[in-house]
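Trainee: Chain by chain, the residues:
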Amino acid sequence: MVLSRRMTVKRPVKAGSATRSAAARARVTSLLFTALIAALYFFGARLGWYLSPRPELPLIWPPHAVLFAALLLAPLGFWKTLLAPVAIAHLLAAQGSSAAPALVAADFCGTLLAALIGASALRYALGGAPRFDRLRDTACFVLYGVLLAPALAALLVTALSWPLAKVRPDWMWSWRTLFFAHALALAALAPALIAGAQAFYAWCTRARNSEPAFDRRFAARAGEAAILTLAVAALGLLIFGAANTGATAMPLLWCVAWPLLLWVALRLSSGCVALALFLLTALALWSVRSGAGPFALGSAGASVFAMQTTLLALTLPALLLGAVMRERREAQVQAGDREKVLNLILHAARMSTWVWDLEPQKITVKTTAATVLQGGASTGRAFSHCMDRVHQDDRRALEQTLAAAVERGAPYAVEFRLCEADGGVRWMSSRGLPQLDARGKPWRIVGTTADISECKRHGQQLQELRQELAHLSRVAMLGELSGAITHELNQPLTTVLSNAQAAQQLLAREPADLEEIRAILADIVAENKRAGEIIRRLRTLLKKGEIQLQEVDVNELVLEVIGLEHSDLIARNIFVGTQLAALLPRVRADRVQMQQVLLNLMINASDAMAGNAVGDRLIKIGTHAEGDLVQVVVSDRGPGLPGDPERIFEAFFTTKPQGLGLGLTICRSIIGAHGGELRAANGEQGAVFTIVLPGVHLGETTA
Amino acid sequence: MTTMAPADTARNGTVYVVDDEPMMVTALTRLLRGAGFDTQGFQTPEIFLQFFLHPYRPEHGACVVIDLVMPGCDGLAVQRALAALASPPPFVFLSGRGDVKASVQAMKGGALDFLTKPVDGDALIAAVSNALRRDRQARGARAERAALCGRYACLTQRERQVFAGVVAGQLNKQIALQLGTVEKTVKVHRARVMEKMGAANLAELVRMSARLSSPPRAGDAWTKVQ
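So the protein sequences, as listed, match chains A and B.
The numbering of the first sequence is the working numbering, which starts it at 112 and goes up by one.
The numbering of the second sequence is the working numbering, which starts it at -2 and goes up by one.
Heads up, a few of these hints could be off.
The following residues of chain B were derived to be distant from chain A, with all beta-carbon distances above 10 angstroms [claimed, not checked]:
no.	residue
1	Leu25
2	Gly31
3	Gln37
4	Pro115
5	Tyr149
6	Lys181
Listed next, with one range per pair, are the computed distances between beta-carbon atoms [to be verified]:
no.	chain 1	residue 1	chain 2	residue 2	range
7	A	Glu662	B	Leu50	51 to 61 angstroms
8	A	Asp664	B	Gln40	24 to 34 angstroms
9	A	Gln690	B	Leu50	34 to 44 angstroms
10	A	Val725	B	His51	39 to 49 angstroms
11	B	Ser210	A	Arg620	48 to 58 angstroms
12	A	Ala724	B	Tyr53	51 to 61 angstroms
13	A	Glu662	B	Arg54	54 to 64 angstroms
Simulated pairs of lysine to any residue, SDA-like, Cα-Cα distance not exceeding 25 angstroms [said to hold, decoys possible]:
no.	chain 1	residue 1	chain 2	residue 2
14	A	Lys451	B	Glu18
15	A	Lys640	B	Glu18
16	A	Lys655	B	Glu18
17	B	Lys98	A	Leu592
18	B	Lys98	A	Leu589
19	A	Lys640	B	Asp117
20	A	Lys731	B	Asp117
21	B	Lys98	A	Arg790
These are computed hints drawn from the structure, not numbers from a lab.
Even for Gly, the Cβ is constructed at its ideal location relative to N, Cα and C.
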């Protein structure tokens, strides 16, 4: 990984010299790396043979760890370059040993195979060198590198060298010695090598970016690491030293190393764990080599084997534990960050979280905004105490919701009011998630409570403003119609006046025509009622009030609006054709607002046809039922809607010279508030507006 | 009802009430009948025109009380339709709103009155009486002119020449010189002209000549009488 970054980076070509110098630097780096690996391999092999009590009984085989680390750190293309120098180093190292040529060859094959298998498997699984602060990486390293690859390689080498060996040892014994030597080398040395290379690379990067290579925290850690290293060394001496040998030896004294290793794994980085293991291994090797220590058993094979198993049993758990601890620490840091962010969010949203234990009924509130629930954070407040503060009108509903949630174990969301000590009322929105026990019964509920008073107030203000706007638009619309309305009122007034005066004339005569006078009076009454009806309708439209949902007959509404516009339509030479469905479900709607919408659509249609020839001014209004929906279609024969018909609903979009561009926006919001839809489209000739409203089922109809 | 319309002269003639509102027609008809007018009510202009023109009786006195704004065909259209008649009836318009443009148009078309609803009974009766009176006068004037024209037609060529000279203020001598005849002959012609035209004196003859030379426009008669 280290080298791969360095050697594969392609810098942008600026000048020939720069490229040349970069290439030269890369060549120097790779040369140095190769030389270093070869040297390490050489010394490793020498050490391996030196430490072996017999050539065919290796204690540890360090070259394997060296080659393995090199293969993982170098890019894939560099592998074949490494082969020759390593082979030469192997041969050179073999010069000074008493090993037979066949054994030397078998060792080389075994090393190469084990390193290739292990590195390939890790590359395949992880994509590069493992990081020992990751549990997955470490586990893969242990599984593929330490266990699988040496086992396979040992198997192959044993199989190959079987026919070559002069003295045929036990087949199983042969495999076991090879496997343990390779596995121990990898477990004890490879982490130290790889972690060292990674640390070196990180240090180089920091130096290149002119960051301080070590900070204060690092210094503190380094101090602790140094102390621990010394402690490990001292303990190692104690365990593997000459004092612990012979008849007085305590073979299980090495168990004392465990607490120390645990300490390293818990407190320090994975690199330190690798270092400590390296140290312990080195001391153990030295003790076995010198025939001292707890592993100095009867035969060389037995002591080697005991040492190998003991060290493997120490190193592998320690490595894994180090990775686990590292991940845990990081997770803790992340969780801490998350909690800080969560607290910020809760604070901003004026929210609190709580845990409600169902068995002893008590609620534990964790809060960041102390104002949310008066009293702020608390532990173990009684459930009834919390319920007491809920507004009387909401308490029943809240209790029912909670009871249902507890019974079904389903999440819930509820809104309620909370009474403050000063008599104020705050709106709360609460959500809860019941936690189920093994039997599937909820045992506690975790949830949040947010103060939504502001939100509620804004919503109410918005509602009021919307109503105000609708009212103003209605008033403006009636202003437009004022001429027609005056005419509409003048009609019955004229009739009444004329009739009354005719009656006066009749009464002045002798004898008075009582029959005619009676008819006149009947007409006067009828016309007066008509005038009253017109005024009532106007007043309704002008009235500013709450929305009153009631079941209304849409056909009736259409006819009422046509009646209201009657005079204006006549004055503008506009004909209205209606096609009203006979069996139309009623709709739940506010009468005034629906009239407003219809009136608005009709006035728009009239305005749109102002340029038409007198005979070609026709508004068609149709109603029909479509399933549960009631449709009202208003179409005109004007020029239609320009561009995208939906744009007509945008606020301040208008096609009229004096238009404000709010009428249809308001209409759409009115229809939307009724759960319906207002659509605009261009028909064959002119614009077509369609109101779709949900109808009331016959079953739902209330008396 | 404070003012009762004069029961005599104003009554001879029919008042046609046209409005799209049946109740309005009934009420207005009642009011006008009560005031002693011969009244006919119509709910659409089409039926009214049908009734009025078939057969058309120009000698019959008439006046139209009509709503300015009606579906399909408005009052102004009816007025235009009747303007071409030999003796178009006077119109009294009723309107629900003070529409300046429409009222100007109506007045230009010879509307007699323009009343805004709700219309007061007295005002309506006064307007209708006035309209009928003017209609009568206009018809009188038209009849008089027709008679004059008939008399003028009886004159010979020479008599017409003498007539022209006399009303131009020429002396008999001058006329004779102009016509290449003697003064005595002119005197004879002049006496015959006076007789045929039914003029008592020269002043009356001059007035007749003025009326003949400027034929009255439609609806203009009442203006002159006023």
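Trainee: Against each hint, give a clear statement of whether it holds in the structure.
Mentor: Taking the hints in turn, this is what the structure says about them:
1. Leu25: 5 angstroms, violated
2. Gly31: 3 angstroms, violated
3. Gln37: 16 angstroms, holds
4. Pro115: 4 angstroms, violated
5. Tyr149: With a cut-off of 10 angstroms, Tyr149 (chain B) remains clear of chain A, as the shortest Cβ separation is near 46 angstroms.
6. Lys181: Lys181 (chain B) is indeed farther than 10 angstroms from all Cβ atoms of chain A, at 68 angstroms.
7. A:Glu662 / B:Leu50: 51 to 61 angstroms: With a Cβ separation near 53 angstroms, Glu662 (chain A) and Leu50 (chain B) satisfy 51 to 61 angstroms, so the hint holds.
8. A:Asp664 / B:Gln40: 24 to 34 angstroms: Between Asp664 (chain A) and Gln40 (chain B), where Cβ atoms are some 30 angstroms apart, the hint holds.
9. A:Gln690 / B:Leu50: 34 to 44 angstroms: 37 angstroms, holds
10. A:Val725 / B:His51: 39 to 49 angstroms: 26 angstroms, violated
11. B:Ser210 / A:Arg620: 48 to 58 angstroms: Distance hint for Ser210 (chain B), Arg620 (chain A) holds at roughly 51 angstroms.
12. A:Ala724 / B:Tyr53: 51 to 61 angstroms: Because 31 angstroms falls outside the window, the suggested range is violated.
13. A:Glu662 / B:Arg54: 54 to 64 angstroms: 59 angstroms, holds
14. A:Lys451 / B:Glu18: 79 angstroms, violated
15. A:Lys640 / B:Glu18: 16 angstroms, holds
16. A:Lys655 / B:Glu18: 33 angstroms, violated
17. B:Lys98 / A:Leu592: 18 angstroms, holds
18. B:Lys98 / A:Leu589: 22 angstroms, holds
19. A:Lys640 / B:Asp117: Between Lys640 (chain A) and Asp117 (chain B) the Cα gap is close to 20 angstroms, so the pair holds against 25 angstroms.
20. A:Lys731 / B:Asp117: 38 angstroms, violated
21. B:Lys98 / A:Arg790: 38 angstroms, violated
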